[in-house]
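Join the two chains, each given in its own frame, into one complex according to the hints.
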Amino acid sequence: MAKKHVDRAVLALLIVMAVLLFNSTAGYTGIALKTSAKYVQFLAVSIGVLSVIQLGFNIFKEQPSVKLKLTDNMGRFVGLLICLVLFAAAFETLGFFIPAAIFIPVVAVLLGYRRPVVIGLTTVGVLIFVYLVFIQLLSVNLPGLEFLGGV
Amino acid sequence: MFEYIQIVFSFEALLTIAIGTVAGVAIGGMPGLTATMAVGLLVPFTYTMDPTMGLMLLGGIYCGAMYGGSIPAILLNTPGTPAAVATAIEGYPMSKQGRGALALKVSVTASFVGGTFSVMILLLFAPFLARQALAFGPAETFLLALMGLAGIVSIADENSSLIKALIAGLIGMIIAVIGTDDMSGSLRYTMGMIELIDGIDFMPALIGLFSMIQMLELAGAHSHAIDTSLIDKQNKREPMPKGISKHIALGSGTGTLIGILPGEGATIAAFISYNFSKRISKVRELFGKGNPEGIAAAEAGNNGCVGGSLVPTLTLGIPGNSVAAALMGAFIIHGMIPGPELFNEYADRTYPFIISMFVANGVFLIVGLTFAPYLARIALIPPAIMVPVVSAFAVLGSYALNNAVFDVYMMIGFALGGLVLKKLGFSLEALILGLILGPIAEGGFTQGMIIGHGSPMIFFESSIAKVMWVIIGVLLIPPLYSYLKSKRT
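For the record, the sequence lines run as chains A and B.
The numbering of the first sequence is our numbering, which starts it at 1 and goes up by one.
The numbering of the second sequence is our numbering, which starts it at 1001 and goes up by one.
Just chain B, same shape as in the assembly (with noise of 0.2 Å):
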């Protein structure tokens, strides 16, 4: 093991895994660009490289790019990827107290644990938790999607109602339905329009959901000026918030056991985190109003995704989720096949890129350390200048995951349809949250059926689908519970 550290601490692995995880970062951080996207584009690039250095410069730009998601959905309340939609509810209401250095502040501190602890466990126990995940089949995949749904119960506060979230949700799974039909091959619900057959992408969605609508917001508003108070604020440097650490174990436990698991992971993984914590919160009423708590669950659980996604990816073959897809794609290209072989034939190439992980998730530690005081100053920039700057950018993300001026329309369609919605009482995290878990939870719903001949007992019969089971109800039945004795008084 001492020669695979000496590799990865060698100057030239260190400058690879510092750009990697840089360039992750920032790409995460911009709206429209994904890890997915940039990883797959840099596969062909570290074809003409050494493998482990190619491997270790993918490997940062996926470490990187999970915790840059978070700095505009803190900032800006755009959610850089889908998985900081959680993020940003606790997030920006943080940055719009002023608070925005101390949200950064626990976003990286939890992203970095929730990664280190994930990447542990990739080293120590990969083809154990590898075998055990071959045990979830379908059916339970769609119970891991209703687990995320149940987080729709937590978004509903006080404030909201719980029947407008929920019809929020299923309007998102409704969306997320139009398209090709996975089991027949049919189009449905696309009117004739040739955009649609691949059905409605979720970042034009999320994009204008949260970036677009927020500036429309700041565009009417009444009136423009800074609020002085804030900068004083930015000054001041808050200490981490006490007993933050019990949220930060709870979402990097969640995210790495929901990574291991394949499927969309980090999304799942970070409003099942989020839920968890504020079911255990003993300042429950605080989230939705800037909890940092919320946010170190939510960024621990989708950073713990990072580590848990490489277990059936290296020693199986079945990508955790897309960005391990193409990771997987780097290995193969360098011929190495996943499975048993790469910890015995090629160790001295895979070793090191597990452990350049670790070092990745320092790299942005630092990182996000350092500039997390400048970083949140984004918040005093004039909105006559914010507003045309993201309303551009915007544009620009929504057209450039599929080069498609019809997403920049449906961009703009949901930033107005959402901000009605949203003015009437829907919550739009919701909506979100319906539209990314909506295929999902479809697609194992439907080979579920399958396998059991039409019956929904398939459902029910595993001991692993009867412990989610329990899981959902715990998570559902408390706040349900809540919400009955409040309309009651």
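Chain A with its partners taken away, still in its complex shape (with noise of 0.2 Å):
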């Protein structure tokens, strides 16, 4: 997609959003009418009108038909985004060493990394910090240790 089109759709989505925050201050009640919904309503029209502005200079400036491009590699780039939504996902059940003692070396080969033993013992050190420091140094509550037998 165009990369004119794309900031034009953002830009006509904050306006969207100024119009819907305005409105919204009317359900404000009490004290916040004369004090946060003033502040909300600033917030609204600010950015309301800035990108009427922005939205009328990409309109009108002539601007090259450049492709909106995310990545380089869309394969790797998208990988990465579902290894971590997998990771965040386990996280809960399988608490953050068993889905991160997967994720790194998971990760690391499908960035093209081919050194098991680098990958292997960068996982394990990782691990163990994350032990140490979190764990038993500032002992945070982390899921899934429970899992492991309770420590």
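Hints are computed from structural coordinates only; laboratory data are not their basis.
Incorrect hints may appear among the rest.
To be verified - To give an idea of the chain B side of the interface with chain A (calculated C-beta under 8 Å), a few residues: (1) 1166; (2) 1167; (3) 1179; (4) 1181; (5) 1382; (6) 1384; (7) 1454; (8) 1457.
Note that the Cβ used here is the ideal one computed from N, Cα and C, for glycine as well.
This is the structure we're talking about:
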């Protein structure tokens, strides 16, 4: 999709959001009407006006038709995103350590790294570091330790 | 005073300060772990310690953490603390040019000077300054947030649109509105999600917009080969840039002054110092492309807040920021109620605590200068190893702050949305600045409106407010004028 079209779509969306935001302040009650509502109205008007100006520049100024390119390698980019979502999804049930022990080598291989010893040592190093610093030193309550037997 | 110095320079005290400072640097260097969290967690542990030693440990963590945030900001474009966002703007481009070691050296030196200067001010003028800070009300707090937001104009340069930078800042401020309205107690824009009742935390946003975007871009890069010319550049030891001292001095003064005022001072201080620095720089065009002057001002600014924030904390019992609030808890636990008594009845604990912060600044200076050349080599780690490791820490850091998986999804969402905005030319630094300063601005605005009985004239009445409007004008008008001039030509 052309960059200028995405830009226009985002700016149009911001203008719609500004209108909705301004209208939403009608629902404020009591003291919020004279305080928070005014602040939100200020934000809504500011972003609305600026988005209209920017949209005007975008439409009336001659722009080259460049394609919006998020990444050079869509496969790796989407792969990392999927791995991240799966990591987050597994976090609550499996905890940090098991998903991380899978996530790090899988992403390294996905990105083309082919040295199993380095990947293995890095993964183990990260897990030991997290255990010592986060669990032992800072007592951060990570889920999943109960799964391993409760530490 | 000599006896207090003796206490600080005992072996036990020096070891305690060193451990606290090094731990602080490590904590500040990890996105998701904050100085507030570390000090808060360790306060109960100091209960069994000698009060003076316990306070020195916490003071070391505070000093170390404020500096530590700059390390990943420079090396990985991942600010360890929000106050290091301005540092990342200049530090990361320097790192990519193979000048990471110099950036780290400038950062640690500026942090040391800013921190030391602010502790000196705390030691000499605390009671006097605390009385002045009391004249600073909600209206002035709102104006202070506006001064910080004026930094958005500085972020926009000849390569990015000023209007888009302002829009990005406003998007951040609008995101910050989500959650419970402090005035009415009602929920705003939470879409029925209980996770949004307390609003959107800035930490997952910070990690998503800086760290994760960086990793997504690296993962999708055409080539993963390391630029070997960087190895030679890393090995060269660059001297400190000429004229850097005036930027450090500017940041130190600004940071200390802002730190004295109650509120989240360090981020505002860093951005205002950065903005001032850009205004006085002779090489303004290099800002945003790796200018050490920007690092010097921002780091001196945020470390200047350390001593400054303790002025109202120790003398009035009004914490300058969240870390100072946690430190105040430590004082109270040890039976020391903040106020004039700290400097009279408990002088044998309070003064050694303040003096210990000079030592803490010295400790992180030595650590920073010693390890800078080695840390800079992080830029040489293969992206295929760096991406999964940093991503795993990004997930962990997002989760650790509130123990919420929802924050991890927020982080991924911010990364994806932020990447689209970045590709369209919106400034992510402006967005995060709006997100961090939005609640401070709203708090000051709404309270000011109540005090002013609904009249906005409250924001123009006091003499401090008038001076602040002049400073805001000075910060905004010249760049706006040059922007409009460049548009016309």
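To see whether the hints hold, each was checked on the structure:
1. 1166: With a closest approach of 6 Å, the residue 1166 of chain B hint holds.
2. 1167: holds (5 Å)
3. 1179: violated (11 Å)
4. 1181: holds (5 Å)
5. 1382: At about 7 Å, which falls below the 8 Å cut-off, the nearest Cβ of chain A leaves the hint on residue 1382 of chain B intact, so it holds.
6. 1384: With Cβ-Cβ at 4 Å, under 8 Å, it holds.
7. 1454: holds (5 Å)
8. 1457: violated (14 Å)
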